[in-house]
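Number of protein chains: 2
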Amino acid sequence: MKFFHTADWHLGKLVQGVYMTDDQAYILQQFVQAIEEEKPDAVIIAGDLYDRAVPPTDAVHLLNDTLDKIVLQLKTPVLAIAGNHDSPGRLNFGSKIMRDNGCHITGNLKKDMEPIILHDEHGEVHFHLVPYCDPSIVRNEFGDEEIRSHNDAAKKITEEIKATMDPNARHVLVGHAFVTPYGEEEENTSDSERPLSIGGSEYVDATHFSSFHYTALGHLHQAHYVTKETIRYAGSPLKYSISEENHKKGYFIVEMDEKGDVSLEKKELLPRRDIRTVEASLDELLEHPINEDYVFIRLTDETAVLSPMEKVRSVYPNAMHVERKNYMFSPESEASNEPMERTKMSDIELFHAFYKEVKGNEATEEAEELFKEVLDELLKEENETASPQRTRNAVTN
Amino acid sequence: MKFFHTADWHLGKLVQGVYMTDDQAYILQQFVQAIEEEKPDAVIIAGDLYDRAVPPTDAVHLLNDTLDKIVLQLKTPVLAIAGNHDSPGRLNFGSKIMRDNGCHITGNLKKDMEPIILHDEHGEVHFHLVPYCDPSIVRNEFGDEEIRSHNDAAKKITEEIKATMDPNARHVLVGHAFVTPYGEEEENTSDSERPLSIGGSEYVDATHFSSFHYTALGHLHQAHYVTKETIRYAGSPLKYSISEENHKKGYFIVEMDEKGDVSLEKKELLPRRDIRTVEASLDELLEHPINEDYVFIRLTDETAVLSPMEKVRSVYPNAMHVERKNYMFSPESEASNEPMERTKMSDIELFHAFYKEVKGNEATEEAEELFKEVLDELLKEENETASPQRTRNAVTN
Chain A
1 MKFFHTADWH
11 LGKLVQGVYM
21 TDDQAYILQQ
31 FVQAIEEEKP
41 DAVIIAGDLY
51 DRAVPPTDAV
61 HLLNDTLDKI
71 VLQLKTPVLA
81 IAGNHDSPGR
91 LNFGSKIMRD
101 NGCHITGNLK
111 KDMEPIILHD
121 EHGEVHFHLV
131 PYCDPSIVRN
141 EFGDEEIRSH
151 NDAAKKITEE
161 IKATMDPNAR
171 HVLVGHAFVT
181 PYGEEEENTS
191 DSERPLSIGG
201 SEYVDATHFS
211 SFHYTALGHL
221 HQAHYVTKET
231 IRYAGSPLKY
241 SISEENHKKG
251 YFIVEMDEKG
261 DVSLEKKELL
271 PRRDIRTVEA
281 SLDELLEHPI
291 NEDYVFIRLT
301 DETAVLSPME
311 KVRSVYPNAM
321 HVERKNYMFS
331 PESEASNEPM
341 ERTKMSDIEL
351 FHAFYKEVKG
361 NEATEEAEEL
371 FKEVLDELLK
381 EENETASPQR
391 TRNAVTN
Chain B
1 MKFFHTADWH
11 LGKLVQGVYM
21 TDDQAYILQQ
31 FVQAIEEEKP
41 DAVIIAGDLY
51 DRAVPPTDAV
61 HLLNDTLDKI
71 VLQLKTPVLA
81 IAGNHDSPGR
91 LNFGSKIMRD
101 NGCHITGNLK
111 KDMEPIILHD
121 EHGEVHFHLV
131 PYCDPSIVRN
141 EFGDEEIRSH
151 NDAAKKITEE
161 IKATMDPNAR
171 HVLVGHAFVT
181 PYGEEEENTS
191 DSERPLSIGG
201 SEYVDATHFS
211 SFHYTALGHL
221 HQAHYVTKET
231 IRYAGSPLKY
241 SISEENHKKG
251 YFIVEMDEKG
261 DVSLEKKELL
271 PRRDIRTVEA
281 SLDELLEHPI
291 NEDYVFIRLT
301 DETAVLSPME
311 KVRSVYPNAM
321 HVERKNYMFS
331 PESEASNEPM
341 ERTKMSDIEL
351 FHAFYKEVKG
361 NEATEEAEEL
371 FKEVLDELLK
381 EENETASPQR
391 TRNAVTN
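Line by line, the protein sequences are chains A and B.
Per the UniProt record's numbering, the first sequence starts with residue 1, numbered consecutively.
Per the UniProt record's numbering, the second sequence starts with residue 1, numbered consecutively.
There's no promise every hint is true.
It does not matter which identical chain is used: a pair holds within one copy or between any two.
As the list claims (entries may be wrong) - Straight-line Cα separation of at most 20 Å, SDA-like style, residue types lysine to any residue; simulated pairs:
| no. | residue 1 | residue 2 |
| --- | --- | --- |
| 1 | Lys266 | Ala367 |
| 2 | Lys75 | Lys96 |
| 3 | Lys266 | Glu368 |
| 4 | Lys110 | Asp58 |
| 5 | Lys372 | Val358 |
| 6 | Lys248 | Glu145 |
| 7 | Lys259 | Asp301 |
| 8 | Lys311 | Gln16 |
| 9 | Lys96 | Asp58 |
| 10 | Lys372 | Glu349 |
| 11 | Lys110 | His61 |
| 12 | Lys110 | Asp68 |
| 13 | Lys69 | Ser95 |
| 14 | Lys344 | Glu323 |
| 15 | Lys111 | Asp65 |
| 16 | Lys96 | Leu72 |
| 17 | Lys2 | Tyr26 |
| 18 | Lys110 | Arg324 |
| 19 | Lys111 | His61 |
| 20 | Lys96 | Gln16 |
| 21 | Lys110 | Asp65 |
| 22 | Lys75 | Asp100 |
| 23 | Lys96 | Gln29 |
| 24 | Lys69 | Asn108 |
| 25 | Lys155 | Ser241 |
| 26 | Lys69 | Asp100 |
Calculated directly from the structure, the hints in this document are not laboratory data.
Full structure from sequences and hints, please.
What follows is the structure in structure tokens.
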């Protein structure tokens, strides 16, 4: 039995105001081509097919076209669940009518759900599709008042599955949760992973999944396994935040033998446009060849740059963000004292405040001397040609 | 060949702030039961399955459950199209994957669409599903710059169908449009039918459909035929506005013989709660037995009624609207002269203005005399006990 494991497509996602739909279509084309070449027995999508409950129509079209290709053209079963970004009810639409064609989308969790059973030459593989849902839903569905956290919910669900599961079959669980080695807090999230719940009850202990031959997870965008090789996140197929800059995005090909042991191969997907940081001075940057990536620019210039985004986009037309590496308030200076009102400042005070705002540190005596010289020059010129009032508070410091 | 013709379900509709979903579920249960009893060969839903592009989740569940019952449990093919209220792209999701199971939902119009072919003992019946779409979409799809109006679009689409249609088969067109005898303006709309377009180009000439054996239409909520018995609106299965008060709601059973001639039977559906007007005085109304209908109350009382809705709802808990039959400005009095500022009016002037506002006509001399008497009484009492200032402009008229 060979299957693909992917997750977290987030179709219709906006990154820094840019719809990723074209980039997603580009990646999914590669993915569909790989299905055509590799001919897996099934494709698992472990939740967050869409980025939101009501995705844009383009995203609906893209998922529809992709499923049509996989299920109808390539005759490959799809096993998909709702993630925390999906609307369970909307994703569930048509699922019963579609399943005879091998399209299995489980939006809503139900008690006593039957696994999807696929066959190979060694017998049955049972795929247990466990969509994301709030602990309160699991509490109601199973009538168990003790279920308070995601960990309680996962424990209950996996216990129910294990209680009735066929010991002669091989078993794959498909889930969407924040699974950790101990069910405790981790700092492994990226900016594009929406928290499952507020207050720390979102973590699920990996040991609940240890008796499945493979656990195909979604939710965390970085591909990794938890406690053992067979409890695994596929990661998202695209970078959805600059915090995912160093991720290698792709999917897994999982081959399961007759005993249920798996061998894994990670396949990378090549994005149309990468998301990455570029750190350079503006002059260096303008020397770069034109590049279409979604770059986050950190300008190293120490001097002011006017209209930086405009200049950056002449080289990086899809730049998403520009910031100044050395161009920040230091937090202390903001907190320590209220800035004086500008009209009450002397020219030298104004210079010091401006220097600090732009450079982030105090002007040296040398810089101050230089400023005074230039200012005196200017004032002298001004006094010779115009009203003397301009000198009112020059060089009082 | 026997099929049901229904349309304009508008699942998820709000009427006067009330979600109709429970009422719709109630009606659809009857409809599904009728399918179970009558065993038609197909069910046509001629557009506006939902009331809006993004329907509430409850409405999605209801459509999903209803289709599951019709298609999977009762093994009856469904032939549905998008109406102007539906989102073509969203309604189209999964349609290719579902069609092998007999669920045919056409959201987006495409050139060269194949009809759905069903068989009976006499041969083939071709169902041509033409979803609602804007003329501009038809213009682009067919590359015909001449298409400006809905009538142009319908002409083009039906010509294309007729050009290739099998003369040995029988043909049913399923459409969602404002079809009239001459393609000209009509005043046949109810409040719950959203106009297809602004500017009068929405009307479609019925003659485009005259060569089909049956044309199953949706859009207008009153069941009726246009020019001939076989070009027909099923009407909505429920009243969705008080302007539909006198409609008989239901669906049609269409039986088509070997030649394509049809016999029709209209079936009524019994709503959980009717939408209707009740005209009575408050006293009469409070004598009525308690009733759950969605009533629009017209109170005939000539005197003021405080908190009318609260009182009405003790008898009609689902009352949607209360108005006063004899309690309006007459348009002339509003237009003819600006009302005097109240502070400048004498008590008698105030009485006349108030009387006119409440009753809609001028106070008689008798009424004025009665008022003066009562006012004098009151002022006398007041003068004996309180400050004399209150009399400042009493009875100056």
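Going down the list of hints, with the structure as the test:
Taking identical chains as interchangeable, the C-alpha atoms of Lys266 and Ala367 are never at most 20 Å apart, the minima being 56 Å within one chain and 93 Å between chains. Proximity of Lys75 to Lys96 under the C-alpha cut-off of 20 Å is found in both arrangements, the shortest distances being 17 Å within a copy and 13 Å between copies. Proximity of Lys266 to Glu368 under the C-alpha cut-off of 20 Å is found in neither arrangement, the shortest distances being 59 Å within a copy and 94 Å between copies. Taking the closest pair of Cα atoms, Lys110 and Asp58 come within 20 Å of each other only across two copies (17 Å); inside a single copy the shortest separation is 30 Å, beyond that limit.
Taking the shortest alpha-carbon separations for Lys372 and Val358, only the intra-copy value of 18 Å comes in at or below 20 Å, while the best inter-copy value is 82 Å. In this homomeric assembly, Lys248 and Glu145 never come within 20 Å of each other (Cα to Cα): the closest approach is 41 Å inside a single copy and 49 Å across copies. For a Cα distance limit of 20 Å, the shortest separation of Lys259 from Asp301 qualifies neither inside one copy, at 60 Å, nor across copies, at 84 Å. For a Cα distance limit of 20 Å, the shortest separation of Lys311 from Gln16 inside one copy, 19 Å, qualifies, whereas the shortest one across copies, 54 Å, does not.
When the C-alpha separation of Lys96 and Asp58 is checked against a cutoff of 20 Å, the pair qualifies only between copies, where the shortest distance is 17 Å, while the shortest distance within a copy is 24 Å. With identical chains, the CA atoms of Lys372 and Glu349 are at most 20 Å apart within one copy only, with a shortest distance of 11 Å there and 81 Å across copies. Proximity of Lys110 to His61 under the C-alpha cut-off of 20 Å is restricted to the inter-copy arrangement: shortest distance 14 Å between copies versus 28 Å within a copy. Proximity of Lys110 to Asp68 under the C-alpha cut-off of 20 Å is restricted to the inter-copy arrangement: shortest distance 17 Å between copies versus 26 Å within a copy.
For the homomeric pair Lys69 and Ser95, the shortest alpha-carbon distances inside one copy (17 Å) and between copies (13 Å) are both at most 20 Å. Taking the shortest Cα distances, Lys344 and Glu323 never come within 20 Å of each other, neither inside one copy (31 Å) nor across copies (66 Å). In this assembly of identical chains, the alpha carbons of Lys111 and Asp65 lie at most 20 Å apart only when taken from different copies (18 Å versus 31 Å within one copy). In the homo-oligomer, the alpha carbons of Lys96 and Leu72 lie at most 20 Å apart both inside one protomer (16 Å) and across protomers (8 Å), since each shortest distance falls under that limit.
Neither within a single protomer nor between protomers do Lys2 and Tyr26 lie at most 20 Å apart by alpha-carbon distance, with minima of 24 Å and 46 Å respectively. Taking the shortest alpha-carbon separations for Lys110 and Arg324, neither the intra-copy value of 51 Å nor the inter-copy value of 51 Å comes in at or below 20 Å. With identical chains, the CA atoms of Lys111 and His61 are at most 20 Å apart between copies only, with a shortest distance of 18 Å across copies and 31 Å within one. Taking CA atoms no more than 20 Å apart as the test, Lys96 paired with Gln16 passes in neither setting, with 37 Å inside one copy and 34 Å between copies.
In this homomeric assembly, Lys110 and Asp65 come within 20 Å of each other (Cα to Cα) only across copies, at 15 Å, whereas the closest approach inside a single copy is 28 Å. In this assembly of identical chains, the alpha carbons of Lys75 and Asp100 lie at most 20 Å apart whether taken from the same copy (12 Å) or from different copies (13 Å). In the homo-oligomer, the alpha carbons of Lys96 and Gln29 lie at most 20 Å apart only across protomers (19 Å), although the nearest pairing inside one protomer, at 26 Å, exceeds that limit. Only between protomers do Lys69 and Asn108 lie at most 20 Å apart by alpha-carbon distance; the minimum there is 18 Å, versus 24 Å within a single protomer.
Taking CA atoms no more than 20 Å apart as the test, Lys155 paired with Ser241 passes in neither setting, with 31 Å inside one copy and 50 Å between copies. Taking CA atoms no more than 20 Å apart as the test, Lys69 paired with Asp100 passes in both settings, with 16 Å inside one copy and 15 Å between copies.
Figure legend: structure checked against the earlier numbered hints; hints not met, in rising order: 1, 3, 6, 7, 14, 17, 18, 20 and 25.
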